[in-house]
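Engineer: Given next are the chains, with one letter for each unit.
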Amino acid sequence: MYATKLASLLKQVKPEKEIYIFYTDIRAYGKGFEEYYKKAQTMGIKYIRGKVAELEENPENKKVILRAEDTLSRQVIESEFDLVVLSTGLQLSNSSEKIINFLKLTKSSDGFLQEAHPKYKPVDTNIEGVFIAGTAQGPKDIPDTVAQASAAAARSMVSLAQKEFQVDPMLAYVHPDKCDGCGDCLNVCPKDAIVMNKETGKAEVLEALCIGCGACLPSCSKEALDFHGYTNDQMYAAIQGVLDQKKENETRIIIFADDTCTYRVADAVGIRKMKYSEDTRIIRVPSSSRISPNLMLYAFKEGADAIILGDCVKKSSRFPWSKEMTEKSLEIVNEKLKSAGIDGRRVVFSEFSAGALNYFLNIVNGMAENLKQYERIKETQRKEL
Amino acid sequence: MPKKIVINDASEEFLRKIIELSGEVITLCDQCGTCSGGCPFVEEMDITPSQLMRKVQLGQQDVLESKTMWLCATCNTCTVRCPRGLDLSKVAEGLRQVVLRQAIDNLDLNNYPKEEIKELPQIAIIAAIRKLTS
Amino acid sequence: MKIPYFPGCSLKTSAKNFEISAISSAKVLGIDFVEIPRWNCCGVVSSLSSDDLMHHLAPVRNFVRVLEMNKTKMVENEKRMLTLCSMCYNTLKRSNQRVKNNPEELESINNFMYREEEYDGSVEVIHYLQLLDEIGFSQMTEKVKNSLENLNVAAYYGCMLIRPKEVGIDDAEEPEIFEKFLSALTAKPVAWNAKKRCCGSYLTVNNKDVVVDLAYGILNDARKNGADLIVTACPLCAFNLDNRQKNVLEKHPDFKTIPVLYFTQLMAIAFGLDEKSFGFELNYIKPNDVLKEKVFK
Numbered sequence: 001m002y003a004t005k006l007a008s009l010l011k012q013v014k015p016e017k018e019i020y021i022f023y024t025d026i027r028a029y030g031k032g033f034e035e036y037y038k039k040a041q042t043m044g045i046k047y048i049r050g051k052v053a054e055l056e057e058n059p060e061n062k063k064v065i066l067r068a069e070d071t072l073s074r075q076v077i078e079s080e081f082d083l084v085v086l087s088t089g090l091q092l093s094n095s096s097e098k099i100i101n102f103l104k105l106t107k108s109s110d111g112f113l114q115e116a117h118p119k120y121k122p123v124d125t126n127i128e129g130v131f132i133a134g135t136a137q138g139p140k141d142i143p144d145t146v147a148q149a150s151a152a153a154a155r156s157m158v159s160l161a162q163k164e165f166q167v168d169p170m171l172a173y174v175h176p177d178k179c180d181g182c183g184d185c186l187n188v189c190p191k192d193a194i195v196m197n198k199e200t201g202k203a204e205v206l207e208a209l210c211i212g213c214g215a216c217l218p219s220c221s222k223e224a225l226d227f228h229g230y231t232n233d234q235m236y237a238a239i240q241g242v243l244d245q246k247k248e249n250e251t252r253i254i255i256f257a258d259d260t261c262t263y264r265v266a267d268a269v270g271i272r273k274m275k276y277s278e279d280t281r282i283i284r285v286p287s288s289s290r291i292s293p294n295l296m297l298y299a300f301k302e303g304a305d306a307i308i309l310g311d312c313v314k315k316s317s318r319f320p321w322s323k324e325m326t327e328k329s330l331e332i333v334n335e336k337l338k339s340a341g342i343d344g345r346r347v348v349f350s351e352f353s354a355g356a357l358n359y360f361l362n363i364v365n366g367m368a369e370n371l372k373q374y375e376r377i378k379e380t381q382r383k384e385l
Numbered sequence: 386m387p388k389k390i391v392i393n394d395a396s397e398e399f400l401r402k403i404i405e406l407s408g409e410v411i412t413l414c415d416q417c418g419t420c421s422g423g424c425p426f427v428e429e430m431d432i433t434p435s436q437l438m439r440k441v442q443l444g445q446q447d448v449l450e451s452k453t454m455w456l457c458a459t460c461n462t463c464t465v466r467c468p469r470g471l472d473l474s475k476v477a478e479g480l481r482q483v484v485l486r487q488a489i490d491n492l493d494l495n496n497y498p499k500e501e502i503k504e505l506p507q508i509a510i511i512a513a514i515r516k517l518t519s
Numbered sequence: 520m521k522i523p524y525f526p527g528c529s530l531k532t533s534a535k536n537f538e539i540s541a542i543s544s545a546k547v548l549g550i551d552f553v554e555i556p557r558w559n560c561c562g563v564v565s566s567l568s569s570d571d572l573m574h575h576l577a578p579v580r581n582f583v584r585v586l587e588m589n590k591t592k593m594v595e596n597e598k599r600m601l602t603l604c605s606m607c608y609n610t611l612k613r614s615n616q617r618v619k620n621n622p623e624e625l626e627s628i629n630n631f632m633y634r635e636e637e638y639d640g641s642v643e644v645i646h647y648l649q650l651l652d653e654i655g656f657s658q659m660t661e662k663v664k665n666s667l668e669n670l671n672v673a674a675y676y677g678c679m680l681i682r683p684k685e686v687g688i689d690d691a692e693e694p695e696i697f698e699k700f701l702s703a704l705t706a707k708p709v710a711w712n713a714k715k716r717c718c719g720s721y722l723t724v725n726n727k728d729v730v731v732d733l734a735y736g737i738l739n740d741a742r743k744n745g746a747d748l749i750v751t752a753c754p755l756c757a758f759n760l761d762n763r764q765k766n767v768l769e770k771h772p773d774f775k776t777i778p779v780l781y782f783t784q785l786m787a788i789a790f791g792l793d794e795k796s797f798g799f800e801l802n803y804i805k806p807n808d809v810l811k812e813k814v815f816k
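Residue numbers (the working numbering), protein chains in the order written: chain A, 1 to 385; chain B, 386 to 519; chain C, 520 to 816.
Please keep in mind that the hints were generated in silico from the structure rather than gathered at the bench.
Incorrect hints may appear among the rest.
Reference excerpt, derived from the structure (chain B facing chain C, CB under 8 angstroms, subset only) [claimed, not checked]:
#1 Val391
#2 Glu397
#3 Gly408
#4 Glu429
#5 Ala458
#6 Thr459
#7 Thr462
#8 Val465
#9 Leu492
#10 Pro498
#11 Pro506
#12 Ile510
#13 Ala512
#14 Ala513
#15 Arg515
#16 Lys516
Positions of the beta carbon are idealized from the N, C-alpha and C atoms, including for glycine.
With these hints in hand, go ahead and build the complete structure from the sequences.
Structural biologist: Next up, the structure:
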């Protein structure tokens, strides 16, 4: 549409100019756009349905030779033009990178800023209190930009109207009595939310910065780092809970399902009454990276036969670092399993997008199938962990 | 009056066959014409490369009677430019294969003047035989 | 440096001048082409249909030869396969990529040629220009004895060196490796439009007129942009652009011919080798006059 606009402006000033617009599809989708397109045609601007394939300079007169197919008449146009203007696509501005890095915002696969949710939170980002509007989020015209900016302003007023900023309660915290100030956790947080309190000599979670992934927990060997709503005690109890009914000759697959994607997929599978292995037990977690090696090993000790760690697909995840950090924990677990003689293929990490129901079934049933082929874990092996 | 396009099970089957042979998702083509605009052989063709793609999309088997696929020399000019990432040279090969596998050749060197064949380097002759005969 | 070298059919017949100039000029740079024993035809053109596995046998056989050369110590731990002909380069590289990306297909090929050593996908097909780039084009500059500074050269990439993208030795739309090569040889590369336009390839057999028209366009574009001669890396392009000038002249009597050389012939000239290694007798349009005027003054 901006090619049409610029062409119309030029034609108004210099009606004698012969203007051709090469296009693939006209997408005049906004209010009044179709009329604008029609007006440009009335002014004598010619539209040719075909993408320009080649531009060459005529070495003799220095004019541009253009080649393209007019796909409507199925003939190739080869002609000289005085000027060729490229209608290029829009990209995120280079200067945006600075602010993205500073605020630790995420980009979607198209290179623009990612909103917290495409439908329900279109002007929020994954950082509380930071909102997006306009072409930072994706190409759009002025009315849409104004509409989105108004929404973003309104959203920010909600925060500003409150005397205190409320954060999500599901966050990491430190048990001061267990923390010995070793500092192992300091560089782990992708949001830099963990700091050392110089007065007490103990680590501290800055609650306004923490976004609640739990990826820091595996870094603390003293289990001094903990997570509201998914505490270490609760996790151990949950693992014990799903395993204590296990009978001899039964197997148990524990799925640590991240709250945003895996748990929703599992839910959808249930609603549709799709069948999967009865040996499966699901434990809900904020993200797979919250599960420390200790918890996984505890599960095996208590009778688990396999563990599936589920998280969102990286590019659409609130916690894109999750996969990498979970895999670090997996390495440690694999090492331990190996020394106890247990097959490492019993622990897998998988990425689930919200609609991937069949994929979920494949992963779970595939694991159940594989377990039949592996040698059963002996009690002595479990004790070694 | 150009003849009507008939869409039926046979056309769907034909499309699937070419997709299978070429390994290209032909339905992705959005007819932008970039392939035709840059094709060095387009002036010799009876239908343009993008038209060939359209005909395959709609499963029109009369595309096999066209000269276009025999004129494609796999120069890959269109392949590197296709905005949809399609490899037209593979589609052309698929169409050639459909004909060649019925033992119908597109080249008969017996009818060529001996002097002309003598002039040709073997790289040209072998390539032509590989692409144009069954 | 010893490297396994795949000649292909043309370099032993119509493009002997390509081979002799390449081998003798490579020696100047300390590169020793070791011809692959019992090499077979690459297939000339890549088979593109998904079910046609048979035609990838020939390339794979050649890769097995390279493995054997390493075993018998003909070369020292050198699994790169050097090509000069850009058709061979393209065909071999595409087959190699295909079997590397499709382990099942490689397995069926290996099973089929069960008497051969198993191919494990470890050979890498490279073009001579890539090797020169890797060891540094500047190495050539040091060896230049006959300056080419007055020579305006149009580098003709054609198709097979740069397309498709996953095979190309440089960018498919804006390649510059050939120009870098020319500059290092002290020649003046010209900017021209037709450097990556197809010459018509094997259509020269059954559609001669198409090829003659294409050649006319390409050659004229080189001339109009001030080129004294054209260099190429493809024996088929060389035939279409050089030998077909005879047919161009029949069609356009006012056409002004232009010599077409292999890039290695230009190396031999620049390095001051003796005329035997130029192999001009196989060039249809002789470059002697323009060289006398611009190089051997």
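Engineer: Does each hint hold? Answer for all of them.
Structural biologist: Results for each hint:
Against a cut-off of 8 angstroms between C-beta atoms, the interface hint on Val391 of chain B is violated, since the closest Cβ of chain C lies about 27 angstroms away. Given the 8 angstroms rule on beta carbons, the hint for Glu397 of chain B is violated: about 19 angstroms separates it from the nearest Cβ of chain C. Annotation: interface hint on Gly408 of chain B holds; nearest CB of chain C at approximately 4 angstroms, less than 8 angstroms. The interface hint given for Glu429 of chain B holds, since its Cβ lies 5 angstroms from the closest Cβ of chain C, which is under the 8 angstroms cut-off.
The interface hint given for Ala458 of chain B holds, since its Cβ lies 4 angstroms from the closest Cβ of chain C, which is under the 8 angstroms cut-off. At a threshold of 8 angstroms, the smallest CB-CB gap from Thr459 of chain B to chain C is about 7 angstroms, leaving the interface hint in force. For Thr462 of chain B, the shortest C-beta to C-beta distance to chain C is roughly 6 angstroms, which falls under 8 angstroms, so the interface hint holds. Checking Val465 of chain B against chain C by beta carbon gives a least distance of about 4 angstroms; that is within 8 angstroms, so the hint holds.
This hint holds: Leu492 of chain B has a C-beta 5 angstroms from the nearest C-beta of chain C, less than the 8 angstroms allowed. This hint is violated: Pro498 of chain B has a C-beta 11 angstroms from the nearest C-beta of chain C, more than the 8 angstroms allowed. The closest approach between the C-beta of Pro506 of chain B and any C-beta of chain C is roughly 4 angstroms, which is under the 8 angstroms cut-off, so the hint is satisfied. With a least beta-carbon distance of about 6 angstroms to chain C, the hint placing Ile510 of chain B at the interface is held under the 8 angstroms criterion.
Residue-level restraint check for Ala512 of chain B holds (minimum Cβ-Cβ distance to chain C is 4 angstroms; threshold 8 angstroms). A hinted interface residue such as Ala513 of chain B counts as satisfied when its beta carbon comes closer than 8 angstroms to some beta carbon of chain C; here the least separation is about 4 angstroms, so the hint holds. Nearest Cβ of chain C to the Cβ of Arg515 of chain B: about 5 angstroms, under the 8 angstroms cut. The hint holds. About 6 angstroms separates the beta-carbon of Lys516 of chain B from the nearest beta-carbon of chain C, less than 8 angstroms, and the hint is met.
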